[in-house]
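Asker: Those sequence lines, one after another, are chains H and Z. Take the first sequence: its letter number 143 is residue 143 in this note's numbering, and every next letter is one higher. Take the second sequence: its letter number 1019 is residue 1019 in this note's numbering, and every next letter is one higher.
Honestly, I wouldn't trust all of these hints.
[Said to hold, decoys possible] Below, computed lysine to any residue pairings styled on SDA-like, alpha-carbon distance capped at 20 Å: (1) Lys224/H to Asp12/H; (2) Lys436/Z to His353/Z; (3) Lys685/Z to Leu51/Z; (4) Lys418/Z to His353/Z; (5) Lys1036/Z to Leu302/Z; (6) Lys685/Z to Asn1089/Z; (7) Lys740/Z to Gly22/H; (8) Lys740/Z to Ala18/H; (9) Lys638/Z to Leu76/H; (10) Lys267/Z to Arg548/Z; (11) Lys675/Z to Arg141/Z; (12) Lys436/Z to Trp350/Z; (13) Lys136/Z to Ala99/Z; (14) Lys638/Z to Arg85/H; (15) Lys638/Z to Leu78/H.
Derived from the structure by calculation, the hints contain no laboratory data. A quick note: this is a predicted structure, and the numbers were derived from the prediction, not measured.
Spelled out from the first residue to the last, the chains are:
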Amino acid sequence: MSDASADLRVTDLTKQFAGAAGTLDVLTGVDLTMRRGDAVVITGPSGSGKSTLLYIIGVLDEPTSGEINVDGLLPLSLSAAEQARFRNESVGFVFQDHHLLPQCTVLENVLIPTLANAKPSSGIEDRARTLLDRVGLKDRISHRPGQLSGGERQRVGICRALINEPLLLLADEPTGNLDQHTAESIGTLLLDVASEQNTMLLCVTHSHELAARFSRRYELTDGKLVEQET
Amino acid sequence: MSTYRLLVDNLRHYWRTNLAVVLGVVAATAVIGGALVVGDSVRDSLRQMSLDRLGDVEYALTGGRFFREELAGEFDFSEGHFKAEVTVAPAITLTGSAAHERDDLRQRASGVATYGIDERFWSMMQTTEALPTEDKVFLNRRLADELGATVGDEISLIVEIPAAIPRDSLLGDRNETDTELVLTVTGIAEDATTPGRFGLNPAQQLPMNAFISLDTLQEAIEVDHRPATPRNPTEKPARVNALFVDVFGYGNSQPPELQDLNRELAKDVQLEDLALRLVTNEKHGYISLESEQMMLDNAVVLAARQAAGEVHASPLSVLTMRDKQMVKTRLPPLDVQRSPVLVYLLNELWNPHDDKRFSMYSVAAGIDFAEEQPFGPFEYVNGGPPQGSSSDAHIPVVINNWIAEDLGVGVGDTFNTKYQEVGDRGELPEHQQSFKVVGVIKLNGPAADPGFSPEVEGITDAETFDDWRQPFPMELDRVTSRDEEFWDEHRTTPKVFLRLDDAQRLWQSRYGDLTSYRIAPTDVTPLPELAADFERRFLALITGAMIRLEADPAIGRRMLRATEVDAQAPPSGLVFQSVREQGLNAASGTTDFTGLFIGFSFFLILAAMLLIGLLFRLGIERRVSELGLLSAVGLSPKQVRRLFLVEGAILTLVGGLLGCLAAVCYAALMIYGLKTWWFGAIGTKFLFLSVHTGSLIGGFIIAAVVAMLAVWWALRQTRGISTRELLAGTSEPSLDAAQKHQRGRRAGVMAGIAGGMAVCLLAATFAGLIPQTEAFSGFNWRVVTFFLVGVAALAGSLASLAWWLDADRAAAVRGQGVMGMIRLGLRNAARHRGRSVLTASLIASATFVIVAVAAGRRNPAVEQPVNASGNGGFTLVAETSTPILYDLNTSQGRAQAGMDLSGESEEQQIDAMRVMPFRVKPGENASCLNLYQTQLPTILGVPEDVIQTMSDEGRFKFADTPSDDPWELLTAKLDDNRIPVLGDMNTLLYSLHKGIGDLVHVPPGDNPGGTLQIEGMFDGSVFQGVLLMSEANFFKLFPDQTGFQYFLIETSPDQSSELSTILETQLADYGFDAERVSDRLASFLAVQNTYLSTFQTLGGLGLLLGTLGLATVMLRNVLERRGELALLRAVGFRAAHVAWLVLCENAFVMLWGLAAGALAALLAMTPHLMSTGADVPWGGLQAMLLCVFAVGMLAALFAVREAVRTPILTTLRSE
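Just chain Z, with the same shape it has in the complex (with noise of 0.2 Å):
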């Protein structure tokens, strides 16, 4: 005889309840091994995904900045060591609408992803269709859904058309702002096509593509190759906003990687990339910097002023290669004279004194008065510059003598000015101010130059007045002869001349503070040579490029470089992003969902893990006199353990290993699950299951751990039972009186300390002493609390149900009929007190699941607007696909942005309604609909009235925000230039993985242009996704964001689907796209309802094995007692009574296990039943409760059975 081969018969003799055992192992090894076979599917899907999304995409450069399509010719790295086939495609990539008529029916899509492609693109989207040409157009599948259309159906696409000089500023084009194509589908891209799913941001869900002609699209928004002609003398190449690069390297050589196509990059920028362009002005000898924008950004200004010499703070440096060796000489200032300059259109000069003397639609110019030749000095007739200080009443001026002649003023006069500005909301205030003539200038000389102004086409070579194609609108009846006759012979040549830094307090915008930077030699250099020696400064300075100097033979090969500008981080911010490996970075995904099925699986786990303990430890009891014996044959405690062990270690390892293949099993039936009953989680069905042996084995060695501290645990149960009670056949210690008092009032202190810790958990949550930051895995410390509040509860409930079977009064059994049957099974429960808490455990783990997730849920479709909601009191939330400049809230405002309402019904509706719109800065999608990593989220810029509307009037919930007006605190003034935002709490905690104080870094990554600093959370709102910063704010980091695209909108609920019917129509140009802000917040919680609705199956699995577990224990219960059963059916009771005695033990078990989960499920769930729109289903919650109920009993009705089915003398006479 050996160990072995006892545990072979052992394994053999005893295999009905080994197989339970290892069926309880297979289960907790498949639902360990499950989550993270999940966890790592869905990260590989995810991975798949951007793979596929991106085609052959390695690297891209977009930002709407538009430059010319050559710069994607001249990538070359043929050179060095690189041998890699590198395509580089240009494209413009735009947002826009899509409408599609049929039978009447007209059916619209915004946020249409449009590309303008060509056939490098093409070859990039691994496809084998044909490329849209001329009037086609390529739809991806969604899209196609969405219009309703076919191939070979004619469909209408509307883009915005960029601007060159912004919209938003006085001479920005209001009027052109989009254009319709009309197309002809050629082909539908399928959803798992390159095509069908393609785009940059990272996010499982499809977007909606429209794939057109390069050149068509270049046409349609005028950014096509233009020739020169003799109206318009300076070529216009042709346009794009954005360049994809495939990469592909051969055998073992180097490709280029993102660095070097940087580098490379930045050498080819031209000034025209940059909307910059240097002119020459001959005759006054100097060369000016200007922008097609009018107005040269910050950047741009601190690179001209750097490259001119006037600030030092980035060094030039030329490197020289001489004899291999790379030598570095700092490259002197240049020595120039420098004249910064800002004009503005005065619409309206007057003398005060007399109106009769005014004058329209003149430049004034702020310079710096004390330049000195080509710049200066004017000729003054009278008085001189302007000295001292300023006031705005006041402002001092230089005029000219022809515009004192025409006003009738000299040095000491002030005469009046008018000029216009853009409003917030595209209105054009017009402001008045005075000015002090303290010089008047001969028009000659540096003050005869129209080259003051930078070149506005349609406006600066215009013949006449008549002629001019300005955006506002112009009184040429007031525009006089003598008007004319200086517009035709100086043109822009300013009349009116103040001191910059006034000129810039009155017209500086956030798009910058200068129109043109003039710089002019010392000596007798030439202008072009100035001018090369200039633009190759200012693109070192401004791209961090390596400009190539001429080679001279005499030295070597010469570079020109600004030592601290890094190419990868450029000014110019003209660097492309490693689109490819951000997408595969993502797919590292917000949500963990190896933690988040393991947390759904959670009492699934622990059922399984009892039920191996409970099952084990049933074996043990049967097997208790072997236990006995062995020792009583000598064989230490250890040695039985020991014996004991290794059976339950093999019975782990068989069901470990099954539970292997069951974890796979488990798996693709949870990714079926997600793609299909909980599709809401996902919001994809390109799922696949991915099994990593790493992730089996780590399944498996956890739930053998858990498994085998089962075993242990029921091992250890028959630790205090000697031999000779062994022998006997006693399972459980038996204890004298004192003894089982002590137990009893341990389990009575344990009762205490869990229902202790619980109450004061809830006390320190409500005196506010949690806080509500992430604790981890994205739960904050107050759900967390409550969690644990609601654990201790039961801890505590199971620890008083041990408590009371131990008290004496729990065994008393007196009375007659049912009641007397009724205390009996109250006895009989007392009398395996560890059997009956387990059991009492598993469904308390089970209704506590119930409970929990049906306590969770929301339905925000039911919610009226409320003010203080997760509302704010808003009915609809729409969204544009271009800016909407106007505002919708007034007549005026309407009008202007092209809408012509038709009845008096429909102007009532709109009347009615109250609009608060946002700018808007796109980013990723940071809401619980994406499954991937986002650093960034779209931004909304708040205007300061509608951040004191929300304010004044207590919009929105916050949580945990330490302000008791959160919306004031968008405009405070932080510490280190930090923006305050706002932002969802869903968002900052489970999506972003931030709380308040916590900061966010625009764009992120290692140079930063902007640092944001959370400063209060919305509860459950419809801003989930997004970030809330003040107009002010949103302007220093976004200039070059134009309008609005995100409007909440205030309306009676009932007439919300007319409102936003017409709003629709009117505003379809924009792509306006409104829905329900309930409907909106429905969608965010359908992804919270879909995760509850997981746990609550799963759960649903841990409450059956719960069953198993209590019909197992009630039927070991009965088999144990057949003899007492016997004797009372011998004397005298009957089948039923039986019946009840087993019924009541089970139902007392059973309800206190029910009481116990609920009430602390209760506990655990109420930060959310305090919430917003908690929306408890009590009935259903009822009805599940009885269910589990019916199916306690049910099981119960097995042992019954068995109960009343034994035979009286067999049983009497074997006993």
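Same shape as in the complex, but just chain H (with noise of 0.2 Å):
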């Protein structure tokens, strides 16, 4: 599975977690790789560590062992403060509660990620009417979450996750609240602009539905991921 050319090496990972009756083992050797474009989903049974998965690749989790290497850096070497610049600048997150601030706009919401660049970038706001123009929410941008529906929320956090032009799109469970209708639009709507923005999307879901639309399907069984015929 390694490939040295790769822009995403997921290298042997593992999880354990101890608890009051003993070591739990997550993940046992979990190795992926992945290239600028490649949209990846991993499905796989409540509990099976898909998440885990997905937030120690985010970098909001830490494995027992193994090694990460996203564009030839080591983000799991990285300092707190590394990290969470690590996070900001190549990696977009999209949660099932899309976890909106109440309190700010639509525009605002998709700008939060911002907050935290080292220099003010020009044209920023541009990008986020551009990106909530393109998931048709142009008319919305100074409503707040609560005036929305749920796929609404979502297409903002994915303008959110996007809006600083990750090489890694994160996604768990992204169309898990939604009904199916909105959620066959929130899963195309998510493969195209990965796909417009040149990045990787790796998403975990419990939906067969979304996982279909994926040209690359893992399942992870006994803490590995297995590759699924297309």
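Both chains are given apart, each in its own frame, so use the hints to dock them into the complex.
Answerer: Here it is, written out as structure tokens:
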């Protein structure tokens, strides 16, 4: 599986949880490579460790062992501040619970990641507007999250994830809280914008409908990724 | 999007939570800033009271000594660089008593400050009222109310007549000690006016003032102007005993200051201002320095000896102004013969071998036998002057041939004498002394001189013995014709001469050991010239004055100066004090009200701080996924923290600014409280709000720091939570079993450390390792230690709670029904350990306050007289306006004091009482009733027999006094002539800020006449506000104080009221004022108890904030677990079950807090609980704790209501 030219290389990743009843092995040696423009989906039963893997790749969690290489960078070895910068510049998250700030407008929510930018980048607001236009929310930019539907909120979440043009877009059950019709449109949108932005899309989901639309599909079984036939 | 924009949105969106945080900051700022403003207000009020109290009086000269009224008119500041209007007002200040009768009801007041004044003094009182004249009196409101007198009423004012010769010396007048003035009230000065509160001692309590015409008072007490008459050839000027000065400078000119006034005063002082006179004896060729008080005091004798060149302690110099240059030349000592003399009156001389040979009322003189002309030598008929040593059994004397003949004795014979002394209680014990004749002289030359004896009006000027106006009984029937003949021819000429040191051993008193100091020229210098020269030198030495000598045109201006004598602290004691400056300095206050109110509000501040932290934390918990998101999108933890800190800072800023406004309102409320509800703590209604911007800024800064610490603490709680957990809404770090175990162990260790510290401190205290000295702000180390023990116990118990909640057993849920619900409730308490511990802390703090306050109360009014207690076993304490010289324990003494008992019942009660008299040197009121900073309190002189009785009977309870017999410490000899004193612990620690071993200077300042060393402390005694020293030491420091003015009376408590009435009636002329010891102790404790009430009230506010915090926490808990509660109800739990669940959790936290707070408070208050008079209202305390519990449970009902009304289906779906 190792590919030296890959933009994302996950090598022999393990994760154990210590509990009162003993140690629980969630990931037992995960390997994964991706290139720009790749769209990968991971499925698996609840508690199989899908989200854990996603968050480890997004350096929101730490593995027990293993290595991650993103475009030549080893984010797991970075300091907390450098990891934060890495997340800000190279990673975009799309959550099942979109986590929009109720106090901010749609536009402001999209711009939230830019608060962490070291330097103010010109035209960032235009980019936010473009993204919102792209996801069909041009007319809702001054609305608050409380005034949006579930699908609209998730679209805002996608725009927020893409605002800093990340190398890696991580989606955790992006359609989990949506009805079928909305889920379909969000899935389409996610794949389309990832392709347009030439970013790697890694999605974990229960949804077979969503998974079926990805070119590369994996199932997490017994702590290992098993590639599914397309 | 910008950080600013996000901040604004955050603040707007979460306005409810933010408002709560802002209100918390407002509360903290209001309390802290308010305490500072209260401190400023009390200080400024005291300053203003000082200024109002003194009117225009800037400087004052008081001290009891009477001097010429003209002295007031001799100040001249027209020369030199001064351009100021200086008014010097002569006055008489006396303490007396007053009475007023209306409708057969006679109302009395003692301790009345009586002022004899003229228009100069009245102009300083800033009043438009008419000056009282002739038989009019102007009262202040307090005295008028005490007497029930109104304008136009007639009142009696009784004041002491100053005695020329001290009353407790042989020739002192003990018969006419006081006089009654019947006066008409012409006006009443209200409390807010200067005459209404005029007084020199700094105290906020209003005095009782009576102002009368100076002329009237002078005439009444016989110090008015007496022209020369054939019978009294010496003219007597009008006298006063006080000068008050108002200085008003013009423009930029320099008004005279204290040192200028004292220099001017020193220049104007004459011998008669010091009750001295120089008598020229032309016949025998000498001048004699004598005192109107009969005895020359030690300072006068020293100055006289220096002036006469006998000792050279202070060089005299002549300063000559020549060509604008000051030239100083040493003045050669006077070349004179000197003769110090001590004369005494012998009642009887008789031949022991022939009792028919006797002589009555003869004078004996102690002299130096080696003297030459004109004082000697004597012409001896037989024998010679005494040689060698003498013993008391046979003191060698020389007698004149007149008495030798009368007694039939010659050289080698002995004869006996009897003479009287004045005893400690005004009795006149007669002593017998044997003299051995070593020489007989002729009654001529220097020996035939009545000038040996100073003039004593009514005695030395009497024609016959029958005309003597002596204050002791005479046996006139034994006066022989020879005695009359001698008196007729030779008057006070001594019949017996003895060596001066022998005479001083027999007859010296605390007033001195010489009756005259005589000098004579060795050349032909005329006596008037010598007298003038001596007087100049003497006055320079006793006053420190620059004496102006005759101007010599050839030389220039010349001044005489005693180089080492300071006019600011002269031996004469005649010196101005800057009463205004002293008053303003004293206004800095004994009690730091800023510290006091910060202390009172400590738990309120703590509660506000915890509430800020709690509310901010709850705000963060609501927005915990926001924290996670910000972190997920790349904001570093530092950036996220900064964002929230800035938010906290903005809230703090807004809260702080609003809090400044609230601080003013809070301080206004506190000031109002001090003037009304807590009046006992201040004792004055003249407090006003004084807001200093600096204090508000200070309060704002302190509160902001405190609030930001709380915010920082709240944010810190999220530090260990991963971003993923934050995103999932986890607000507390998720810990695995090992981490939880470790955290529990840490809490256990903390509990152990705190508990161990409490035990160690307790052990150290009981082992006596903790000193009883002041630690800070008047708190002694023992009290501080116990407070620390209490705090450690509190911390320990809360750490124990944290440890217990982390232990697995705390979370075991099993069983059914109510017990099962209780266990689930406990599990819920353990779920948010931090929240539960914080809530318990709030409750514990509030409980601590309430229990500590309740445990701190005392009620001495119910205490019975017990020897080893604060009342010393005495029932009554009494004070008089004028001293009583006699022993009230004997019928003779009572009769001498003027008591005339009418019935058997009265006699029985009087016979059954036992009186302990104390001498009094009035000083400042250093009890806790006085807010001003005092330096020298009233001093009590304890007679030897009283010390012995107190010691034998183990009277009073002492604190930390290193002696088995503390009373005997009063008689100890200390290094450097320090005088041992005892004082009440409260007076010493809180008012004087002194502890055992510390020194007090008398008078305070750079030139103390004596140094007192604190040797022991009474514990909560009736002696609050005074210091006690032995009578012997008292006389050394205050020889002029006569009689007794403070009494402790032992009697049955049942009869105390009746006895008090008898004594007050019988001794009304002395202004005898008795009150129950327990009442006086209660009045002292009123201050302490008022402080406790204040503390309790502010603690109650803390409790209110605490319960608000509890309600917030419970509500949050319920809201968080809505799904869980909905589920419980979905599976069949009734609403009552859910209510139980919430209440159990709440009750557990509350009970832990209540128990921890109560036990810790009782530990902290142990010193008080172990002390005399601790009066803990256990019933009330339990009721209060129950009330706290009830309030807490009521607060939880909001949460219960929220829990019960949660819709099941919607909640479950939304989850």
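Asker: Take the C-alpha atoms of Lys267/Z and Arg548/Z, compute the straight-line distance between them, and say whether it is at most 20 Å.
Answerer: The hint holds at about 8 Å.
Asker: Checking one constraint from the list: CA of Lys675/Z to CA of Arg141/Z, max 20 Å. Satisfied?
Answerer: holds (19 Å)
Asker: Between Lys740/Z and Ala18/H, is the straight-line Cα distance small enough, at 20 Å or below?
Answerer: The given pair, whose Cα atoms are some 12 Å apart, holds under the 20 Å limit.
Asker: Under the criterion that the straight-line Cα-Cα distance not exceed 20 Å, is the pair Lys638/Z, Arg85/H satisfied?
Answerer: Distance of about 12 Å is within 20 Å: holds.
Asker: Keeping to a limit of 20 Å between CA atoms, is the pair of Lys740/Z and Gly22/H held or broken?
Answerer: holds (15 Å)
Asker: If you draw a straight line from the CA of Lys685/Z to the CA of Asn1089/Z, is it 20 Å or shorter?
Answerer: holds (18 Å)
Asker: Starting from Lys638/Z, check that the Cα of Leu76/H is at most 20 Å away, please.
Answerer: Satisfied, since the Cα-Cα distance of roughly 19 Å is no more than 20 Å.
Asker: Decide if the proposed pair is consistent with the structure: Lys638/Z and Leu78/H, CA atoms, cutoff 20 Å inclusive.
Answerer: holds (16 Å)
Asker: Does Lys436/Z pair with Trp350/Z here, judged by a C-alpha cut-off of 20 Å?
Answerer: Holds, at roughly 12 Å.
Asker: Keeping to a limit of 20 Å between CA atoms, is the pair of Lys685/Z and Leu51/Z held or broken?
Answerer: holds (16 Å)
Asker: CA of Lys436/Z to CA of His353/Z, is that 20 Å or under?
Answerer: holds (14 Å)
Asker: Tell me if the straight-line CA distance from Lys136/Z to Ala99/Z falls inside 20 Å.
Answerer: holds (15 Å)
Every hint from the earlier list agrees with this structure, and none is contradicted.
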